[in-house]
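Now for the letters of each chain:
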Amino acid sequence: DQQVKQNSPSLSVQEGRISILNCDYTNSMFDYFLWYKKYPAEGPTFLISISSIKDKNEDGRFTVFLNKSAKHLSLHIVPSQPGDSAVYFCAASGFGNEKLTFGTGTRLTIIP
Amino acid sequence: GAVVSQHPSWVICKSGTSVKIECRSLDFQATTMFWYRQFPKQSLMLMATSNEGSKATYEQGVEKDKFLINHASLTLSTLTVTSAHPEDSSFYICSARFGPEQPQHFGDGTRLSIL
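Chains B and V, in that order, are what the protein sequence lines are.
The numbers in the numbering used here rise by one with no breaks, and the one at position 106 of the first sequence is 112.
The numbers in the numbering used here rise by one with no breaks, and the one at position 104 of the second sequence is 1106.
These are computed hints drawn from the structure, not numbers from a lab.
One or more of the hints may lead you astray.
To be clear about the criterion: a stretch of chain V counts as covered by chain B if any three or more of its residues have a C-beta under 8 Å from a C-beta of chain B, and this derived list gives those stretches [said to hold, decoys possible]:
id: 1; region: 1038 to 1046
id: 2; region: 1098 to 1111
In silico BS3-like cross-links for lysine-lysine, where the CA-CA straight-line distance does not exceed 25 Å [unchecked claim]:
id: 3; chain 1: B; residue 1: Lys77; chain 2: B; residue 2: Lys62
id: 4; chain 1: V; residue 1: Lys1068; chain 2: V; residue 2: Lys1016
id: 5; chain 1: B; residue 1: Lys44; chain 2: B; residue 2: Lys11
id: 6; chain 1: B; residue 1: Lys105; chain 2: V; residue 2: Lys1057
id: 7; chain 1: V; residue 1: Lys1043; chain 2: B; residue 2: Lys11
id: 8; chain 1: B; residue 1: Lys62; chain 2: B; residue 2: Lys44
id: 9; chain 1: V; residue 1: Lys1068; chain 2: V; residue 2: Lys1043
id: 10; chain 1: B; residue 1: Lys105; chain 2: V; residue 2: Lys1068
id: 11; chain 1: V; residue 1: Lys1066; chain 2: V; residue 2: Lys1022
id: 12; chain 1: B; residue 1: Lys105; chain 2: B; residue 2: Lys74
id: 13; chain 1: V; residue 1: Lys1043; chain 2: B; residue 2: Lys44
id: 14; chain 1: V; residue 1: Lys1066; chain 2: B; residue 2: Lys105
id: 15; chain 1: B; residue 1: Lys60; chain 2: B; residue 2: Lys105
id: 16; chain 1: B; residue 1: Lys62; chain 2: B; residue 2: Lys105
id: 17; chain 1: B; residue 1: Lys74; chain 2: B; residue 2: Lys11
id: 18; chain 1: V; residue 1: Lys1043; chain 2: B; residue 2: Lys105
id: 19; chain 1: V; residue 1: Lys1043; chain 2: V; residue 2: Lys1057
id: 20; chain 1: B; residue 1: Lys11; chain 2: B; residue 2: Lys62
id: 21; chain 1: B; residue 1: Lys60; chain 2: B; residue 2: Lys11
id: 22; chain 1: B; residue 1: Lys77; chain 2: B; residue 2: Lys44
id: 23; chain 1: V; residue 1: Lys1022; chain 2: B; residue 2: Lys105
Glycine included, every Cβ here is placed at the ideal spot set by N, Cα and C.
Working from the sequences, and respecting the hints, build out all of it.
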């Protein structure tokens, strides 16, 4: 049972435009959500997180939006840069539960 | 900050041998470390959670006698794959965090190939 889903395996965006990566979850007990970026042959790098008490968190070019009623979160990257080309994973955990459940990832390609 | 180092990055060994993988937090003290396994084209799957000085908590279906985890200090955890067989070949990756509700920071993983 895939509790965290990233339905788009890949996404291509023109440099300078906005990249929007989506993630859906089914477990209503999840209350902490994270986005990670992964380059080939490297481990995931933490990007940004959001707790369920918020609906938006911003850090530089990265903004995460959380819609609890829809059980949906998204990562916005603006403006997109060539160095943003990587695989992006969303992950979720429940309150007091340390276990992270990962999505299957979305490969983002920024076109110069 | 928040650098996690994992060693070795890849290892090839014969069936029946034991392999030890180290995970170190270089610039912070990790109260909790995690071990994951990733199969091709699948997401990271948590194997076990280890807290410094206590026994690891294994996820359902993970053999604790096959995958020995030691977390002897706040900066080091080890995963030993005992009597490894070809089906143990996989990508193993660790993560660490310095407190509850803090993000996990990942090492670069270990590619294990058992011949």
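Now the hints, each set against the structure:
1. 1038 to 1046: holds (count 4)
2. 1098 to 1111: holds (count 9)
3. B:Lys77 - B:Lys62: holds (14 Å)
4. V:Lys1068 - V:Lys1016: holds (16 Å)
5. B:Lys44 - B:Lys11: With a Cα-Cα distance of about 17 Å, the restraint between Lys44 of chain B and Lys11 of chain B holds, given a limit of 25 Å.
6. B:Lys105 - V:Lys1057: holds (16 Å)
7. V:Lys1043 - B:Lys11: holds (14 Å)
8. B:Lys62 - B:Lys44: holds (23 Å)
9. V:Lys1068 - V:Lys1043: holds (24 Å)
10. B:Lys105 - V:Lys1068: Distance ~21 Å between Lys105 of chain B and Lys1068 of chain V Cα, so the pair holds.
11. V:Lys1066 - V:Lys1022: With Cα atoms ~14 Å apart, Lys1066 of chain V and Lys1022 of chain V stay inside 25 Å; holds.
12. B:Lys105 - B:Lys74: Since the Cα atoms of Lys105 of chain B and Lys74 of chain B sit roughly 20 Å apart, the hinted pair holds (cutoff 25 Å).
13. V:Lys1043 - B:Lys44: Holds: Lys1043 of chain V and Lys44 of chain B sit about 14 Å apart, inside 25 Å.
14. V:Lys1066 - B:Lys105: holds (17 Å)
15. B:Lys60 - B:Lys105: With Cα atoms ~21 Å apart, Lys60 of chain B and Lys105 of chain B stay inside 25 Å; holds.
16. B:Lys62 - B:Lys105: holds (23 Å)
17. B:Lys74 - B:Lys11: Holds. Lys74 of chain B to Lys11 of chain B sits at ~15 Å (cutoff 25 Å).
18. V:Lys1043 - B:Lys105: holds (21 Å)
19. V:Lys1043 - V:Lys1057: Cα-Cα ~31 Å, so violated.
20. B:Lys11 - B:Lys62: Holds, at about 20 Å.
21. B:Lys60 - B:Lys11: holds (21 Å)
22. B:Lys77 - B:Lys44: holds (24 Å)
23. V:Lys1022 - B:Lys105: Distance of about 23 Å is within 25 Å: holds.
When the structure is compared with the earlier hints, a violation turns up for hint 19 alone.
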